[in-house]
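Participant: So the protein lines, in turn, are chains A and B.
Residues in the first sequence are numbered consecutively from 1, following the working numbering.
Residues in the second sequence are numbered consecutively from 1001, following the working numbering.
Note that these hints are calculated values from the structure, not bench results.
If you're wondering where the values come from, they're calculated on a predicted model, not measured in any experiment.
Every residue, glycine too, gets a C-beta built ideally from N, C-alpha and C.
Careful: at least some of the hints might be erroneous.
What the hints assert, rightly or not - Covered, in the sense of this in silico footprint (three residues per stretch, anywhere, with C-beta under 8 Å from a C-beta of chain A), are these stretches of chain B:
(1) 1033-1040
(2) 1054-1065
(3) 1079-1090
(4) 1097-1110
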Amino acid sequence: MDKRHVHETNPKRTFVTVIIFVVVIVVGLLTIRSPKLKYELSPSQTVELVTSEEHVMYPYELEDIFSGAIDTVILIDIRNKFEFGRGHIDGAENISAITLLSQDNIKRLKQSMDNGMTIVIYGNNQLEANGPWMVFRQLGFDNVKVLLGGYNFYKEWKDMLGDTYYEDSYLLGAPRYDYAEVASSTAIVQGEDDPESKKPVTVKRKKKSSVAEGGC
Amino acid sequence: MNKNYIILAILFIILAGGYFLLPERENIKQMKPEDLMRDIVQTSRYVTTDQVAEMIIEGDPTLELIDVRNEYDYFEYSLPNAINIPMDSILVEEYQDYLGIEDMNVVFFSNDDILADQVWVIAKRMGYGSLYVMEGGLNCWISTIIKPEAPQETASKEAIELYDFRMGASMYFTGSDISTPSEEGAKPVTVKRKKKGSVAEGGC
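Excised from the complex, chain A in its bound form:
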């Protein structure tokens, strides 16, 4: 009885086995697909990013774009086609939020970023653009900005954008009430009487405009 191991008695078989083994592993390593999109920022870097409060564009800066003083900005309207069709900021390009991460768009935006362009995205308000902006930042697009106030603010002020320099109604984040007063005082509710309201007025019926009243 031969006490030697099988691979010593039959080296050919061993060789074939080893080859198959190696091929399987190498093929496995080569075909592992890396994800198409990767986060470049870790979650804690993202926290830092949003606390830094940079990377916003003020509405009055639009004037410089319109006048041509700044020509390195790409304005992107992330609302849907319908809303874009109803009105948009001059020179904006429409890429609705849902298609922002399509391969074509990512490739194109990356290219323009490498060419030193700044990408400014806007929705109807700042909130709409906030999420997409954060995703872009986390994907490593570090020159993507959000237009403060969004389209709604622009629409209201488009003929006097320069004046918005002293305007702060579009700035969010600050309390608009004295919370301490709210917390302590109780009898604050009833609205101020304005003298005009005493006049008897004939009641005018509204048609049926029930546009979700009371929504925020």
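Following the hints, position chain B against chain A.
Facilitator: Below, chain B without anything else, positioned relative to chain A:
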């Protein structure tokens, strides 16, 4: 010893080196960017101040309010039973237990809704579910729930009912004794002028 052993050993050590070629995989439960974007586009994460008020009043046991402003603001004023997790410590280990609780609906809020929405994006990426954002934040809370604005006489029935609800909620949250709107409204044809047009009353 057979030198085949040595050759085989070396071969497998080399193959093991292939491990370093593997793409780095972070925390597996993190959400993929594509999925995160898809969820961001949905607006179902927003709850209104009215919904939050109703849940508080009804004592909804699944409601978990999280104030993402700083500690100072939190102690000055916050919603009843809200927990304070400042934005910059949302990833701190000891707070993680508050986020992944089964059956709890976490509602983030801040002064407006941007900060709360940012926290939402980060928490969502970390893989937490059942997360919501209070639309309009505390500013909207005060203008709709604490100091609701009376609708015009001509307002729709829904608007008046909403106002009644808000007046009740206001009383609930401030404990104040308010003259009810119906008393005032009972006076015939007293119309309160609003400054501007009457689009979306009570909106923030």
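Participant: Does each hint fit the structure? Answer for all of them.
Facilitator: The hints, checked one at a time:
1. Residues of the segment 1033-1040 of chain B with a Cβ under 8 Å from some Cβ of chain A number 6, which satisfies the need for three, so the listed coverage holds.
2. For the segment 1054-1065 of chain B, the proposed coverage by chain A is not satisfied: 0 residues have a C-beta within less than 8 Å of a C-beta in that chain, short of the threshold of three.
3. Remark: the segment 1079-1090 of chain B is confirmed as covered by chain A, as 3 of its residues place a Cβ nearer than 8 Å to a Cβ of that chain, reaching the required three.
4. Remark: the segment 1097-1110 of chain B is not confirmed as covered by chain A, as 1 of its residues place a Cβ nearer than 8 Å to a Cβ of that chain, below the required three.
Hint compliance for this structure: hints 2 and 4 are broken, all remaining hints hold.
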